[in-house]
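K.L.:
Given chain A's structure and the hints, the job is docking chain B onto it.
So the chains spell out like this:
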Amino acid sequence: MLEIQALSAGYGSVQILRDVSLSVGAGEIVTLVGSNGAGKSTLLNTVCGIVRPSGGRVRLDGTDITGRPSEAIVALGITQVPEGRRLFPNMTVRENLILGAYRRRDGHGIARDLAWIFELFPILEQRQRQPAGSLSGGEQQMCAIGRGLMAKPRLLILDELSLGLAPIMLDTLVDALEKVHGEGMTIFLVEQDVATAFDLASTGYVLENGHVVLSGPTKDLRSDPHVKKAYLGL
Amino acid sequence: MAILTARNVTKKFGGLAAVSDVTFDLHDGEILGLIGPNGSGKTTLVNVVTGALPASAGEVRFDGHALTGLPSHEIGRLGVSRTFQVVKPFRNLTVVQNVMVGALFGAVGGARDLKTARRQAEEILAFVALDHRGDAPADGLNVPERKRMELARALAMRPRVLLLDEVMAGLNPAEIDAAVDLIKRIRDRGVTLLVIEHVMKAIRNLSDRILVLFHGQTLTEGAPADVLNDSRVVAAYLGRRYAEAARA
Chain A
214 MLEIQALSAG YGSVQILRDV SLSVGAGEIV TLVGSNGAGK STLLNTVCGI VRPSGGRVRL
274 DGTDITGRPS EAIVALGITQ VPEGRRLFPN MTVRENLILG AYRRRDGHGI ARDLAWIFEL
334 FPILEQRQRQ PAGSLSGGEQ QMCAIGRGLM AKPRLLILDE LSLGLAPIML DTLVDALEKV
394 HGEGMTIFLV EQDVATAFDL ASTGYVLENG HVVLSGPTKD LRSDPHVKKA YLGL
Chain B
8 MAILTARNVT KKFGGLAAVS DVTFDLHDGE ILGLIGPNGS GKTTLVNVVT GALPASAGEV
68 RFDGHALTGL PSHEIGRLGV SRTFQVVKPF RNLTVVQNVM VGALFGAVGG ARDLKTARRQ
128 AEEILAFVAL DHRGDAPADG LNVPERKRME LARALAMRPR VLLLDEVMAG LNPAEIDAAV
188 DLIKRIRDRG VTLLVIEHVM KAIRNLSDRI LVLFHGQTLT EGAPADVLND SRVVAAYLGR
248 RYAEAARA
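If you're matching them up, the sequences are chains A and B in order. Following our numbering, the residues of the first sequence are numbered contiguously, the last one being 447. Following our numbering, the residues of the second sequence are numbered contiguously, the last one being 255.
Pulled out of the complex, with its shape left as it was, chain B reads as follows:
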């Protein structure tokens, strides 16, 4: 069953269509991989779904609600959260305080007082294995820690749908394995995920289905094995060295 549906979503900047007539379903409990070249419209699509940008045309629905036209904080309250590619924490707050912000402004049923928010934030920091850094200032974290704090902040909003925008950029292979494991555990908690990532090992291991964008349009959609072997996807996105490595 689809928990989130996007129908004919278009986003224009001036005369340029960054996203053009994109339709997809996010099924309850699945992980959908979203790939495509730099500039193909992936982040713009996430921005439209989460209300950060208004759609020029089309409709997004979540669990019976029309999201189109709602401000992003209301979409967050309904249960749709996201992470940002460039992590921008509240630098003068501690890690746990940053996560508390998510808890306080998240979905219905979340914390509405500081004490509960702190307890929920600490719980989530333990879940993402960052509890030992809870009292550190947010700008004192290294790259993998910052990415996990960003995840914790989004999770503290108690989302039913979580959109992840390149949470693995800048991680090494061992750290990527840990992140893949963490994302699977998030799914096991009942969260439906859309994952933007350029790390093919992660996309292959995580995705139930993959959606490919190219110049703002859907190039193809399907099972990972089919999509990653599709010659159009190799030509538009995966490239020569990937194809060589896959053959080897």
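Next up, chain A with everything else stripped away, as it sits in the complex:
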């Protein structure tokens, strides 16, 4: 579904990504892991049209989307759940969720998806009239994921799912994402918590200093000595 080929990008004269290639198949969960400063955010910003690449191609279902503006990329079906949630804190939970669907015109579909999100995260239904800023960190992450799903994307990108979450809250989110995946959603997960990322994803890529140093099935990466030492802390 998503095909990144020999992508290079940076800011001004500083090159961050060098010759990065990766692919996310339809219906798959793929993860990209790496340290702070490895280039994960730059890669997401390039895919989502915020940073223009200096070389390489990004394709979505065969359509070349390299360098297209963000709104065009969202329209083609890529939605990002940003690092740190970025909800509108003074708007209600329900308003935040509905905003995710601002491009859609299928009223019935929107209502159905809202009901589905409330089923996925029952606490959001209970708190739908509260300002999003009054939610706990875990509930905010649920709301951010819900807002992303309301756009009805073909590819859902999650940036730092685990940030600031209690272990048990992460269990809940992992379960919910497995359900979403079970309904056919393709997910690209960029994550610092490598153990959780590998629990969810079937394929993984390891980014270091702007290029992919390792990739493959997560069950193989999990036993790789370098990954164990540098990322799993074993």
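What the hints contain is simulated information worked out from the structure, not anything from laboratory work. Just so we're clear, the structure is a prediction, and the values are computed from it rather than from any experiment. All the pointers check out, no bait thrown in.
The calculated DSBU-like cross-link candidates involving lysine-lysine, where the alpha carbons are at most 30 Å apart (straight line), are:
#1 K208(B) to K191(B)
#2 K95(B) to K191(B)
#3 K432(A) to K392(A)
#4 K95(B) to K19(B)
#5 K208(B) to K441(A)
#6 K191(B) to K441(A)
#7 K122(B) to K95(B)
#8 K95(B) to K208(B)
#9 K392(A) to K441(A)
#10 K208(B) to K442(A)
#11 K392(A) to K365(A)
#12 K432(A) to K208(B)
#13 K442(A) to K432(A)
#14 K191(B) to K442(A)
#15 K392(A) to K208(B)
P.N.:
Same frame as chain A, now just chain B:
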């Protein structure tokens, strides 16, 4: 000996008790881990202890002083500092200038002029291994650097008690190891710490004791090995995947 005591601390927002009747001691020289689900009241408790929010009931004492009712800058002057979960530096100041603010408004014995403040700030930046970024603008830092600047800012206040609110969120395992090492070195300088963290590896390695909050109340308190194996803590906080990994 307890350097800081909290007795029956309660904080209500409208009808909701975010913290309810919490009592704990912070012993001189220890590291107390504070864990609990998102929304269980950890940050609110820190806000009450440091005067960012007034307590609805209860009492906090530090080294013989009643902190309850004091404004936060006076609590800082007395020697109690904290870091914030969401780091909000003065973006138009450099890193060293941000840390100087801490030095200038910190505990008695700290800098009261810019020259001394700069010298103290530079010293602390070296201690947290951020001296090479001293002249960078504060908003030019990456996540681990921002977290270390936040620590440096709090340390520049020369605290005797330091409350850390999720200084490891967003760090990878190697960066977490470095942060654990840094926090142990802070303790070795004679600072007593309360550490809020969701990173269990760090909590296990750092804490002398752990306090668990659940729905604003104390669920349990004790030695790390006991607390982290307590079935109530697993059910309320640690969860299934943690328990599976611990068994493996």
